[in-house]
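J.: Next come the chains, spelled out residue by residue.
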Amino acid sequence: MPKLTVDGIELEVPQGATVLQACELAGKEIPRFCYHERLSIAGNCRMCLVEVKPGPPKPQASCALPAAEGQEIRTDSEMVRKAREGVMEFLLINHPLDCPICDQGGECDLQDQSVAYGRGSSRYHEPKRAVTEKYMGPLIKTVMTRCIQCTRCVRFSEEIAGVDEIGALYRGENMQITTYLERAATHELSANVIDLCPVGALTSRPYAFEARPWELKKTLGIDVSDAVGANIRIDSRGREVLRALPRINDDVNEEWISDKARYQVDGLTKRRLDKVWIRNKAGKLEAASWDEAFKVIAKAKPGKSVAAIAGDLVDCETMFAAKALLRAMGSKLLEGRQTGMDYDVSSLAAVNFNSGLAGIETADAILIVGSHVRWEAPLVNARLRKAAKNGAKLFIVGPEWETTFPATFLGADVAVLDKLPAEVAAAMEGAERPAIILGGAGLARGALGPLLALAANWKLVRDGWNGFNVLHMAASRMGGLMLGYAQKGGIADIVKAKPAVLLALGADEVDYDQFAGSLKVYIGHHGDKGAHAADIILPAAAYTEKDGTYVNTEGRVQFAEKAVFAPGDAREDWTILRALADALKVDVGFDSFDELQALIVADVPALGVEGLADYGALPAGGGSASGEIAYPIKDFYLTNPIARASAVMQRCSAELLHGEDLAEAAE
Amino acid sequence: MTAVRISDDALALACGADALAAAFEAAGCTVERASSWGMHWLEPLVEIDGMGFGPATPEDVDAILSGKSAKAIGPIATHPFIAGQQRLTFARAGRTRALSLEDYERTGGWAGLERARRIGPEHVLDEVARSGLRGRGGAGFPAGVKWRTVAKAPGARKFIVCNADEGDSGTFADRMLMEGDPLQLIEGMAIAAHAVGAAQGYIYIRSEYPHAIRKLRDALKLCADIIAPFNIDVRVGAGAYVCGEETSLLNSLEGKRGEVRGKPPLPALQGLFGCPTVVNNVLTLAAVPHILAEGGAQDYEARGAGRSKGTMPIQLAGNIRHGGLYETPFGVTLNQLIFEIGGGTASGRPVKAVQVGGPLGAYLHPGQFDIPFDYEAYAAADALIGHGGITVFDDTADMAAMARFAMEFCAVESCGKCTPCRIGSVRGQEIIDRILSGGRQADAVELLPQMHNARLAERSQAEEVQLLEELCAVMKDASLCALGGFTPYPVMSALRHWPADFGLSAR
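The listed protein sequences derive, respectively, from chains D and Z. By numbering that gives the first Met the number 0, the letter at position 536 of the first sequence is numbered 535, and the numbering carries on one by one without gaps. By numbering that gives the first Met the number 0, the letter at position 283 of the second sequence is numbered 282, and the numbering carries on one by one without gaps.
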């Protein structure tokens with residue numbers, strides 16, 4: 000723990016800290032462009048200069064200099080100020096003065112720092128250097144003349160994403176940042192470079208010229224595009240969500256989000272259900288009133304014969320409100336695994352990501368069974384890459400996909416679990432922190448039991464470590480399981496029960512042909528598969544339009560806030576279910592959102608506390624499994640009704656996955 | 000049959016040594032192609048029984064053989080240019096054939112390596128440290144300290160990298176050594192490998208040295224068994240000056256963009272492929288066999304001045320009458336080098352300036368020619384020794400143009416990584432242009448009537464000079480590596496000593 004002084008303030012900094020970090024600990028702001036906590040140190044912008052004694056009598060780049068015992072650091076001396084002003088003047092020589100038409104305006108590092116270190120006007124009058132635009136795909140808009148060559152985007156794509164998509168061409172002042180051959184960036188995390196770019200060189204293409212940051216209302220939300228539960232900030236203006244940005248949460252998403260989480264939000268205004276619809280005798284949907292719809296449902300007189308199926312995006316409050324309604328009517332027919340999976344949920348520890356998302360980075364041997372991690376949870380994939388960089392060995396059972404880390408594929412059939420190659424067993428047995436990641440496709444092939452047995456063999460649970468992980472894909476999954484949305488036989492049990500009324504809570508992946516005899520009431524927000532099959536459509540709120548609780552795949556309970564109102568006649572889901580209770584003449588025991596939440600906590604106390612839920616000990620497993628693994632996600636960009644309605648996601652799918660060449664309109 | 004020795008050094012070849020050798024063969028002589036003595040104004044130099052004739056052409060063959068040539072210079076070994084030197088690194092120059100193991104062994108070759116193996120790595124490190132050998136690439140970092148750091152660094156794999164990307168203007172010592180005595184370099188690398196525990200070495204050589212590349216590769220084949228289990232590969236650069244900077248060199252070796260890495264981590268701890276790596280210049284490594292020979296360290300340490308120990312192969316080039324390689328202990332002055340040894344300018348005109356240390360070295364004014372040639376004394380005078388290249392200019396040189404060239408060179412060769420070098424070099428050229436045109440004039444747009452309320456951007460020449468000084472200060476203080484950090488030296492020294500060339504009155 001070196002002791003040093005910063006501007007006369009004495010402090011002790013952690014071993015291995017840089018001078019820049021020491022200055023920050025002392026409360027001094029150090030201007031920087033290239034330095035970023037989560038990327039390697041490049042030391043090229045030369046903005047973070049400080050004066051350090053002992054050392055050469057010139058300013059030092061604090062980002063690259065290790066803090067050492069007895070250093071005297073000055074961030075406020077004349078030498079430091081002059082040097083920073085000099086570098087700032089250099090940067091502004093070539094940077095265009097187009098802030099009024101630049102989307103970075105208002106949240107631009109260069110703009111902010113030029114206030115502190117810039118001159119009123121330039122002393123360099125020769126022409127500025129200009130750079131031609133580089134195409135980086137449908138998500139990233141480039142104005143490369145603004146680039147200050149900090150190389151954060153290059154380092155992100157190399158280090159975090161693990162794909163060499165972005166790099167530099169030419170040398171000296173001709174250096175230009177570009178994607179390889181100006182192809183679109185295709186990585187699932189590619190748009191994070193927009194946040195990383197300290198200037199307006201890389202900005203958001205779908206959000207171009209939409210709003211200034213100070214016009215936006217910022218709401219703290221949780222992403223529902225996968226089961227990671229990335230912390231997001233929802234920026235809205237009026238009734239429209241304009242963009243989603245990552246929030247920093249080291250335990251969950253660090254400071255990244257997937258491109259889908261970021262860009263599906265334009266789907267929130269498209270294909271929306273904003274009216275009540277009832278299917279008439281001719282089989283056509285007709286607009287109706289809430290009263291009419293409730294009457295039709297009441298007329299079905301379901302009695303106990305009612306079931307609820309939860310979709311992938313719903314919050315715990317919605318699921319609990321439906322559960323309360325069913326309980327009042329005497330039914331327990333709840334299911335959330337829409338596609339028919341029926342794995343054992345008697346212990347939730349067995350279906351949880353026990354090592355934690357951050358913990359998986361520290362694993363040193365990982366067996367992945369039936370998960371296309373890159374598409375099912377891109378943020379977990381970034382963690383796996385870190386683990387691999389730290390020396391972890393990775394093995395994958397399932398059809399091959401393009402990993403961003405060295406991994407050995409063991410075949411597509413789960414039967415291989417019975418006869419794993421010796422090197423796998425040796426690596427897992429010899430590891431200090433061995434881990435298994437079981438994906439949805441593996442669960443569907445019955446790999447849970449055999450893997451629990453392997454977990455016991457390899458002692459995956461040991462002091463301070465539980466390496467048994469299930470990686471879900473649905474944001475609602477863990478919350479649903481905690482609320483009892485699981486039948487022993489899966490959805491087949493519901494089909495068998497032939498419910499008179501089926502409540503579909505945003506469930507768009509169900510095969511509704513199985514419920515031909517039921518009155519299908521779809522409570523959701525998008526005109527997708529569920530609405531097409533429904534007899535009655537009750538318009539509800541999407542994730543940005545309601546307060547709600549979500550539990551991610553590691554059992555982390557997180558609250559999200561409401562950013563905007565739902566459109567048209569759409570209402571928050573719980574209010575619909577509450578009104579339906581009146582129509583069906585039962586008492587659900589809550590009249591307000593607070594009462595509803597109190598009931599949830601009474602029912603499942605863990606849902607009232609933000610943070611990791613405790614699911615107890617890992618159960619024993621056994622048995623064997625066989626069958627070819629088939630990953631459920633066929634198109635990363637179109638996995639949920641919001642994304643399918645999003646023009647941006649459709650374009651990504653067409654261009655990035657299906658190789659369509661989309662003509663660019665001249666701007 | 001007369002035995003004739005003619006150099007096959009690239010410089011001699013460029014001066015027609017091949018044709019000369021063919022002419023001697025046609026005249027019935029046996030021609031032996033040896034290394035160059037380093038007396039470049041005499042190349043191609045013909046040696047017959049220790050007597051020299053040069054610069055010789057095929058027309059001179061008959062006269063030389065009949066002993067009537069006017070180009071006779073007498074015995075070469077006692078020629079003043081040679082006799083005044085203390086050749087350690089270049090002890091074999093002119094005396095042996097580059098690719099003859101026999102010649103090499105006869106002249107004390109492999110003695111250093113054998114002794115190193117006998118006394119063990121720890122003693123080798125001690126001897127290198129005791130010799131006071133400092134990096135000859137320009138930075139002058141003590142080789143013993145660097146080697147010990149690598150030797151102590153944890154790591155299963157370690158590397159020896161020889162920096163043979165000799166890109167400084169007016170330098171040729173690396174090339175001469177690699178072409179004339181490649182085995183000595185290889186022996187030096189083998190000793191380094193033995194000392195730090197490396198199994199693999201690389202020689203990173205610039206593609207502009209085809210003869211040296213070929214000779215190194217041939218030499219490595221010859222002595223593979225002798226240096227085994229150590230192995231050396233030759234890697235050819237692609238012409239970037241900045242790849243002579245050690246971290247860019249490592250990036251280039253790894254197949255990456257030739258861009259400077261930030262330090263720390265030091266290459267000694269995390270160098271090539273992230274492993275501890277010794278990166279040394281050709282001359283540093285080639286000095287090692289002598290140091291490791293019996294008593295070599297003391298001998299080396301006894302020479303030199305101040306903290307600059309041993310000898311420095313100084314390269315005399317540019318507008319100089321007797322250009323060539325002059326190896327001498329540190330402490331010699333430019334007055335001695337240029338006037339006594341070099342014989343003044345080749346053009347016969349007065350010396351105006353001397354640039355020491357390549358394109359980034361300061362221009363020294365004749366008033367500074369008494370500074371002793373050592374690292375510290377030069378640093379104190381805002382100059383640098385660099386790789387020991389000396390380029391002489393006569394009074395026709397336009398120092399403002401030379402200053403502009405320094406900026407232009409940096410603009411062309413900058414890797415583009417750090418802001419000060421990338422932007423400062425280009426804008427520095429423009430400011431020098433402005434100064435030369437007497438300050439900036441308002442352009443057509445600024446003179447429009449609509450611009451009446453805008454401040455006109457005309458500035459005086461003095462203001463432009465101040466701007467240039469401030470630009471140089473930012474480059475010097477804030478650049479990531481020496482390319483941007485040292486470009487201001489030639490510029491500022493030219494401005495300081497020859498203001499008249501910039502159209503300024505004396506300051």
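The set of hints was computed from the structure by calculation and includes no laboratory data. Glycine included, C-beta positions come from ideal geometry on N, C-alpha and C. Among the hints, erroneous ones may be present.
[As the list claims (entries may be wrong)] Far from chain Z, by Cβ distances over 12 Å, these chain D residues were calculated:
| hint | residue |
| --- | --- |
| 1 | K81 |
| 2 | P420 |
| 3 | G448 |
[Said to hold, decoys possible] Once the Cα atoms are required to be at most 25 Å apart in a straight line, the calculated DSS-like pairs of lysine-lysine come out as:
| hint | chain 1 | residue 1 | chain 2 | residue 2 |
| --- | --- | --- | --- | --- |
| 4 | Z | K220 | D | K388 |
| 5 | D | K133 | D | K81 |
| 6 | Z | K255 | D | K388 |
J.: Hints first: check each against the structure and report whether it holds.
T.: Structure-based check of each hint:
{"no.": "1", "hint": "K81", "result": "violated, 8 Å"}
{"no.": "2", "hint": "P420", "result": "holds, 26 Å"}
{"no.": "3", "hint": "G448", "result": "holds, 42 Å"}
{"no.": "4", "hint": "K220/Z / K388/D", "result": "violated, 38 Å"}
{"no.": "5", "hint": "K133/D / K81/D", "result": "violated, 35 Å"}
{"no.": "6", "hint": "K255/Z / K388/D", "result": "holds, 19 Å"}
Hints 1, 4, 5 from the earlier list are contradicted by this structure; the remaining hints agree with it.
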